[in-house]
Amino acid sequence: MIIRNFLIAWKLSLKGDKKFYAWLTFLVILMAIGANAYISQMNRGLIVTAMRDQVSWGFYISNFTFLVGVAAAAVLLVVPAYLYDFKPIKEIVLFGELLAITAITMCIMFIMADMGQPWRVWHLMPFIGTMNFPASLLAWDVLVLNGYLAINTAIAFYVLYRLSIGKEYRMSVIGPLIILSIPWAISIHTVTAFLYNGLSARPFWNASILAPRFLASAFCSGPALMIIVFQLIRKLSEVEIEDRALFKIAELIAYAMGINLFLLGAEIFKEFYSGSIHSAPIQYLYFGLHGHAKLVPWIWTATLLNLTAFFIFLFPKLRENFTILNIACFFMIIGIYIEKGMGLVIPGFIPDTLGEIYEYSPSSTEVLVTVGIWATGALIYTMLLKFSLPIYTGKLRFQKYKES
Amino acid sequence: MSNSCRRKGINRRAFLQGAAAGLAGMTLPLDNAHASFWDAFLQKHFREMNDTEIKKVISRLEKECEEKYKKVVSIGTEKPLPGVQFGYGLDLSRCIGCRRCVYACVEENNQSLDPQIHWISVLRFKKGDKWVDLENSEKYYNPEKVPQKEYFYMPVQCQQCENPPCVRACPTQATWKEPDGIVVIDYNWCIGCRYCMAACPYGARRFNWASPNRPAEKLNPKTHYLGNRPRYKGVVEKCTFCIQRTRNGRYPACVEICPVGARKFGNLLDPNSEIRYAIEHKRVFRLKEDLNTYPKFYYFFAYGR
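So the sequence lines, in the order shown, correspond to chains A and B. If you use the numbering used here, the first sequence corresponds to residues 1 to 404, in order. If you use the numbering used here, the second sequence corresponds to residues 405 to 709, in order.
These are computed hints drawn from the structure, not numbers from a lab. Heads up, a few of these hints could be off.
[Claimed, not checked] Covered stretches of chain A (chain B as the covering partner; in silico rule of three or more C-beta atoms under 8 Å from a C-beta of chain B):
#1 44-57
#2 115-125
[Unchecked claim] Some chain B residues judged to face chain A by a derived CB distance under 7 Å, without partners named:
#3 Leu538
#4 Glu539
#5 Lys543
#6 Asn546
#7 Pro547
#8 Arg572
#9 Trp593
#10 Ile595
#11 Tyr599
#12 Pro605
#13 Phe611
#14 Val639
[Stated by the list, open to error] Quick list of in silico lysine-lysine cross-link-like pairs, DSSO-like style, CA-CA up to 27 Å:
#15 B/Lys448 - B/Lys459
#16 B/Lys549 - B/Lys531
#17 B/Lys534 - B/Lys686
#18 A/Lys18 - A/Lys395
#19 B/Lys692 - A/Lys270
#20 B/Lys534 - A/Lys270
#21 A/Lys167 - A/Lys395
#22 A/Lys386 - A/Lys87
#23 B/Lys543 - A/Lys294
Predicted, not measured: the structure shown is a model, and the values here were computed from it. Ideal Cβ placement from N, Cα and C applies to all residues, glycine included.
In isolation and in its complexed conformation, chain A is listed as follows:
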């Protein structure tokens, strides 16, 4: 029965107007371009990227890190909705969870794209492989990310199932999962931060401030993305999302960005005031090192965008004007994408452990594969929405097949 109903809902989700098909076609074309680039990478090896022994992680891992933050931010919606029973947000929590599912799926794709031997991925699975647990933080990351994916999938589909048969979900079933998902969301970003943080070989990452900064910045970029996505949902479907909910999220972003900027200031002070040899990477990032300064314009753009967005979010009058709000959200997403992406990963490798400077910027293959993965993410989210919206709005209801 459930399977039959699922198939009905799935079939329904494939139907749409011309705009919808045009959007799908657009995404599929980007995915095909990405897949083509990935196939050439599979054949020729990661030599087609700009990564080398000196800078052994690049654009893929940068995107991965950013997206873990987006996924973690779903918690920001879950907390007020379920703990404080804040009604306007509670109604849209589902879409946040679907975004988390999408982001984690994209994370997994970026990791696969970065692997030299993707066929051997089973080697790091628990029980069937030889996972180096608990010693390796990467093993931890595999566990928490997949766990997070499972929890959010379970919550989202349980809620959808109950809605589809015209019933409220039972808190006794879903309550423990929601409570679990809160620390779990924090854990995915903490563990990802620790993955860098634990390496004494890389002074740029080996700073205790890394995990708190990860969380603070995740609570900016993820919700900013959601504010934009929710407005789109509101516009393209019958779902009613109250302004109040969006403004609440915007208010939370203001606090998160304040904390993020404070932590950044603390880091900047420590690095530049003490000025030991270990501040070379941050020197490279902000001012350039020995004449190498590829990241400098990027990080200052990010700083400027983040500061501007912060001031907009700070004042209710500004953040409650949708045009300005959207600009601020856009600034923040780009700002954090630079700061928590390339701005975090690349300086860890520059200068490398023997002092060499190899300047990295992604190759065309890396860019195309990345575009392909983002398009895949957009497609997944579109389809998840398309699948759940009729159920959510009550358009699609299945007959109770068993009298309770």
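Fit chain B to the given chain A structure using the hints.
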């Protein structure tokens, strides 16, 4: 930590064979050229295999090498010798920066020639400047003659740490420290995530960004499974103190080639070894001692200059 890897592999194998059978029909070619694909795909972790399984794997790998290079290649599995802890000494007062060690290593250990992979990096430092100032060191120096008066040289390779950060980082236990102290990699188990490269403080690990390229006539056919056997695209490799030589009582290639005798090698547990003499009588230091990695690679000064 290292023992947790020796779990029973039977269930896993059975599971994977089932899964493989299912997958086989749909995704991958199964013609003769790919007959060993599934054997390779399902190959177990080196330390989880028993002697029979290792024999089978070795004969398959030797056959693959023979097909590729049209040449008999032997892949040894010599075990660590009891009572041996290998240690390395490098006399900075002698090193002239000639890089003969770099190329002897490439010749012995079958590194890729294109793209070029070196396991040893020789760094050049300006005399009278900051002491071992890595940030101002030069790796690509290219004068007509070495040594140059105003410089000193420091070769760096895998330091075979007693507490190796790379081993801790590896998510699949594909790299580990052998009982004789050599940190090795199972090239058939490495997934190519490169976390070990981020973790290594000595820049000692190399990745096969492309398929390693080495003409058959330049292939050293005497190899070890954990050492210089031909590698694959997408896996990490590194110095193994020439495991194929040293476990058979020979010196590493870099020690043999050094024209000035700057390189010393021996058993740290043997009180009469040359390396023990150097440690006990010379001014030794180890690279980045503040990281507590405890390298078994000692730099020292036999005489001042």
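Status of each hint after checking the structure:
no.	hint	verdict
1	44-57	holds (count 11)
2	115-125	holds (count 10)
3	Leu538	holds, 3 Å
4	Glu539	holds, 4 Å
5	Lys543	holds, 6 Å
6	Asn546	violated, 15 Å
7	Pro547	violated, 19 Å
8	Arg572	holds, 5 Å
9	Trp593	holds, 6 Å
10	Ile595	holds, 5 Å
11	Tyr599	holds, 5 Å
12	Pro605	holds, 4 Å
13	Phe611	holds, 6 Å
14	Val639	holds, 6 Å
15	B/Lys448 - B/Lys459	holds, 13 Å
16	B/Lys549 - B/Lys531	holds, 17 Å
17	B/Lys534 - B/Lys686	holds, 22 Å
18	A/Lys18 - A/Lys395	holds, 21 Å
19	B/Lys692 - A/Lys270	holds, 22 Å
20	B/Lys534 - A/Lys270	holds, 23 Å
21	A/Lys167 - A/Lys395	holds, 14 Å
22	A/Lys386 - A/Lys87	holds, 23 Å
23	B/Lys543 - A/Lys294	holds, 21 Å
Going down the numbered hints, you'll see the structure goes against 6, 7, while the others check out.
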